[in-house]
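With chain W held as given, fit chain S onto it using these hints.
Residue numbers (the working numbering), protein chains in the order written: chain W, 80 to 143; chain S, 80 to 143.
None of these hints come from the bench; they were simulated from the model.
One should not assume that every hint holds.
As the list claims (entries may be wrong) - If you anchor each label on the Cβ, the simulated ranges turn out as follows:
hint, chain 1, residue 1, chain 2, residue 2, range
1, S, Lys89, W, Glu140, 26 to 32 Å
2, S, Asp119, W, Glu93, 24 to 30 Å
3, S, Lys128, W, Leu95, 23 to 29 Å
4, W, Asn131, S, Glu108, 18 to 24 Å
Stated by the list, open to error - Restricting the straight-line Cα-Cα distance to at most 16 Å, the calculated cross-link-like pairs of lysine to aspartate or glutamate (EDC-like) are:
hint, chain 1, residue 1, chain 2, residue 2
5, S, Lys128, W, Asp107
6, W, Lys136, S, Glu104
7, W, Lys136, S, Asp101
8, S, Lys128, W, Asp101
9, W, Lys128, S, Glu106
10, W, Lys121, W, Glu106
11, W, Lys128, S, Asp107
12, W, Lys121, W, Asp107
13, W, Lys128, S, Glu108
14, W, Lys89, W, Glu140
15, W, Lys128, W, Glu93
16, W, Lys128, S, Asp101
17, S, Lys128, W, Glu90
18, S, Lys128, W, Glu108
19, W, Lys128, W, Glu141
20, S, Lys136, W, Asp101
21, S, Lys136, W, Glu82
22, W, Lys136, S, Glu82
23, W, Lys128, W, Glu104
24, S, Lys128, W, Glu104
25, W, Lys89, W, Asp142
26, S, Lys136, S, Glu98
27, W, Lys128, S, Glu104
No experiment lies behind these values; they were computed from the predicted model shown.
Built from N, CA and C at the ideal position, the CB exists for glycine as well.
There are 2 protein chains.
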Amino acid sequence: MCEANAYLLKEGREELLMESVDVIEPEDERTWRLVGIFGDRKTVRGRIKSMNLVNHKIFFEEDA
Amino acid sequence: MCEANAYLLKEGREELLMESVDVIEPEDERTWRLVGIFGDRKTVRGRIKSMNLVNHKIFFEEDA
Numbered sequence: 080m081c082e083a084n085a086y087l088l089k090e091g092r093e094e095l096l097m098e099s100v101d102v103i104e105p106e107d108e109r110t111w112r113l114v115g116i117f118g119d120r121k122t123v124r125g126r127i128k129s130m131n132l133v134n135h136k137i138f139f140e141e142d143a
Numbered sequence: 080m081c082e083a084n085a086y087l088l089k090e091g092r093e094e095l096l097m098e099s100v101d102v103i104e105p106e107d108e109r110t111w112r113l114v115g116i117f118g119d120r121k122t123v124r125g126r127i128k129s130m131n132l133v134n135h136k137i138f139f140e141e142d143a
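The following block holds chain W by itself, in its conformation from the complex (with noise of 0.2 Å):
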């Protein structure tokens, strides 16, 4: 499987925003839903600082 681990980049820190992503979409211009393996859903706001799918990670950042 090749979900992916979503972080949000904040203070320097990666924070752990949800585990087994499948699906990103945005919801608006700066809101993303993210629906995990199970159906599970969250909801990011922040823009995508970068994804390393090989590496399974999603990092998000809050907007300066």
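Here is chain S on its own, set in the frame of chain W:
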């Protein structure tokens, strides 16, 4: 390996942009940098429409 294929949604069609994408990073507000598993690079202008990691698909769409 958990890389994905990147597509551009254009007039209802899926146009393959790049295979085996590992890293996705914003270059600016409307431009994304894709890096493939072999280090190949591509820049995409548009926004992320959706990502489905389990299905290895990333969809971009051009700005309206």
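Results for each hint:
no. : hint                            : result
1   : Lys89/S / Glu140/W: 26 to 32 Å  : 29 Å, holds
2   : Asp119/S / Glu93/W: 24 to 30 Å  : 27 Å, holds
3   : Lys128/S / Leu95/W: 23 to 29 Å  : 26 Å, holds
4   : Asn131/W / Glu108/S: 18 to 24 Å : 21 Å, holds
5   : Lys128/S / Asp107/W             : 11 Å, holds
6   : Lys136/W / Glu104/S             : 12 Å, holds
7   : Lys136/W / Asp101/S             : 10 Å, holds
8   : Lys128/S / Asp101/W             : 14 Å, holds
9   : Lys128/W / Glu106/S             : 10 Å, holds
10  : Lys121/W / Glu106/W             : 11 Å, holds
11  : Lys128/W / Asp107/S             : 11 Å, holds
12  : Lys121/W / Asp107/W             : 14 Å, holds
13  : Lys128/W / Glu108/S             : 11 Å, holds
14  : Lys89/W / Glu140/W              : 7 Å, holds
15  : Lys128/W / Glu93/W              : 12 Å, holds
16  : Lys128/W / Asp101/S             : 14 Å, holds
17  : Lys128/S / Glu90/W              : 28 Å, violated
18  : Lys128/S / Glu108/W             : 11 Å, holds
19  : Lys128/W / Glu141/W             : 9 Å, holds
20  : Lys136/S / Asp101/W             : 10 Å, holds
21  : Lys136/S / Glu82/W              : 12 Å, holds
22  : Lys136/W / Glu82/S              : 12 Å, holds
23  : Lys128/W / Glu104/W             : 15 Å, holds
24  : Lys128/S / Glu104/W             : 6 Å, holds
25  : Lys89/W / Asp142/W              : 10 Å, holds
26  : Lys136/S / Glu98/S              : 10 Å, holds
27  : Lys128/W / Glu104/S             : 6 Å, holds
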